[in-house]
Amino acid sequence: MAEDTRTRFKTSPEYKEMKEERDPFRKRIFFLGVLTSKLKESGVNSILVGGEAIDLYTAGNFSTSDIDLVVDNKAITERLLNRFGFGKQGNGLWFNSDLNIVVQVIDQSYSGDPDRLKKFKVKNYELRVAAPEDLIQNRLYSAKFWKSNPQRDMEESIALLQIFADSIDNSYLDKLAKENDIVDYLADARKYVSKR
Amino acid sequence: MKIEMLFGGNTRFAVLEALVNANDATTAYQIAITKGLDPSATYRCLTELLEFRIVESETKERNQTFYKLSNGAGRAAAEFMRSLKQKTPESVDLENWLSPKIQSERMAKIVRLDQLDESKFRNPNGKQSVDEIMSKRVPGELSALVTSSKIAFNELFEQKDNTFILNA
Chain Y
210 MAEDTRTRFK TSPEYKEMKE ERDPFRKRIF FLGVLTSKLK ESGVNSILVG
260 GEAIDLYTAG NFSTSDIDLV VDNKAITERL LNRFGFGKQG NGLWFNSDLN
310 IVVQVIDQSY SGDPDRLKKF KVKNYELRVA APEDLIQNRL YSAKFWKSNP
360 QRDMEESIAL LQIFADSIDN SYLDKLAKEN DIVDYLADAR KYVSKR
Chain S
135 MKIEMLFGGN TRFAVLEALV NANDATTAYQ IAITKGLDPS ATYRCLTELL
185 EFRIVESETK ERNQTFYKLS NGAGRAAAEF MRSLKQKTPE SVDLENWLSP
235 KIQSERMAKI VRLDQLDESK FRNPNGKQSV DEIMSKRVPG ELSALVTSSK
285 IAFNELFEQK DNTFILNA
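In order, the protein sequence lines correspond to chains Y and S. The opening residue of the first sequence carries number 210 in the working numbering; numbering runs sequentially from there. The opening residue of the second sequence carries number 135 in the working numbering; numbering runs sequentially from there.
With the rest of the complex left out, here is chain S:
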């Protein structure tokens, strides 16, 4: 299962946003109150995110369960969330934003930009620094994409010696 398949829908977005913004592990109830969500829907969403290892949970005092983003997929989600926040202030449908169609539209815009004003991104001796080249990406976007790729690749293929075998 690819990470992007998990996104989409206001509840998931709000729950992830709350987890990204939280300094410490937090409860489902706290997330629901902060974001004005239905507590049951919040709990269901967290269970789903747990299943896909985006979120980790820990049971503490009074048998309460606390949730936080995981280091792998969770961190990728957080980086993506932050990059989206920088891109646009309003709520974004992540599933739509990550769809191949929208990704290719973004890439087409970048290509058009290159064709329109190459000098803007190229220095006189013809060598662009990697930071210049990468400046067209929203910060964190590439990093999240690479993390997501690594997770998805490891889930899709099992390595035996020099061969990668596609899992059924």
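Next comes chain Y alone, as it looks inside the complex:
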């Protein structure tokens, strides 16, 4: 039964179009559009967060290795990924070698403000994406406390601060910085942006 569904999906026009898309950025966002719309049909809400959200806001210039998707039903999402030809790796990530796309399914509640989510319309599909302010907070927190890759984290924060300089809600960002003890890192990032 599952095999039939997988075959049906792999021979569908959407899958063919995804496979034939040569631009990796367009391929990723088209895939996300298809995935999130199928999830919605199954009653699952999803939000794009993390590196792929930043990849989207920077038009593919700050690309990432995996897609982090917050969902409110992990079991249905994983079943759907399986039907989309993804296999679960040892580290819990889902990988499709045909599309060269990696997905991480996150089943925690969304930590940002849901009222500030941005919508992206890709062909006939709709994506909900974390707001730039929430992504900046996440990256600055990572730079200060996780320190796994502070350069990447600071660069992505700075990029979002610059790209959305005209629309960022600075009072909301200040509030997030206070709550997360990253006032110093936010001040540094803003100072860096203002010098350029």
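Read the hints as simulated data drawn from the structure, not as lab findings.
Not everything, but these chain Y residues come out facing chain S in the computed CB check (under 8 Å): (1) Tyr266; (2) Thr267; (3) Ala268; (4) Lys327; (5) Lys328; (6) Phe329; (7) Val331; (8) Pro359; (9) Glu364; (10) Ile367; (11) Ala368; (12) Ile372; (13) Ala398.
Below are the DSBU-like pairs computed for lysine-lysine, each with C-alpha atoms no more than 30 Å apart in a straight line: (14) Lys283(Y) with Lys328(Y); (15) Lys328(Y) with Lys294(S); (16) Lys247(Y) with Lys294(S); (17) Lys228(Y) with Lys249(Y); (18) Lys387(Y) with Lys270(S); (19) Lys404(Y) with Lys356(Y); (20) Lys247(Y) with Lys236(Y); (21) Lys247(Y) with Lys297(Y); (22) Lys236(Y) with Lys330(Y); (23) Lys328(Y) with Lys236(Y); (24) Lys294(S) with Lys332(Y); (25) Lys356(Y) with Lys270(S); (26) Lys384(Y) with Lys294(S); (27) Lys404(Y) with Lys270(S); (28) Lys283(Y) with Lys332(Y); (29) Lys294(S) with Lys249(Y); (30) Lys283(Y) with Lys249(Y); (31) Lys294(S) with Lys330(Y); (32) Lys219(Y) with Lys332(Y); (33) Lys236(Y) with Lys294(S); (34) Lys202(S) with Lys404(Y); (35) Lys294(S) with Lys327(Y); (36) Lys219(Y) with Lys283(Y); (37) Lys270(S) with Lys400(Y); (38) Lys249(Y) with Lys327(Y); (39) Lys247(Y) with Lys228(Y); (40) Lys400(Y) with Lys356(Y).
Cβ coordinates follow ideal geometry from the N, Cα and C atoms, glycine included.
For chain Y, the structure is supplied; the task is to place chain S on it using the hints.
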């Protein structure tokens, strides 16, 4: 169209280099002479760069057309060109240098560097200044990348209220 798609090839690199180094707007012929290029190829390249708004043109006395880098994409190209010059003295294939593969190799080197000698970039109380963190980038590289991102994002998506719509 993303800015990086426009680069690659010796003529484009030389034309951009001439424009970056020029103090004032210059003609296609002057660029060709300075860089030892074929004038027709130089003109074709400038027309292409004009089309993608990397370059602006102005017709002055004796109906001559003068070219200079534009403020948006042109400035990004200039910053990138300067950063490349600081990185390496020899000619660089920009298309190759900007490719995802090479970008990820550069990032992998940075990550390896972090793993090898973290103390080099971290002060005793654990807080790194943003300048310390960013010192691993070639000057101008990030700024060019951000400018390029902004241009590409605005070209790819049209904003209506709270929704970004991907252009066909």
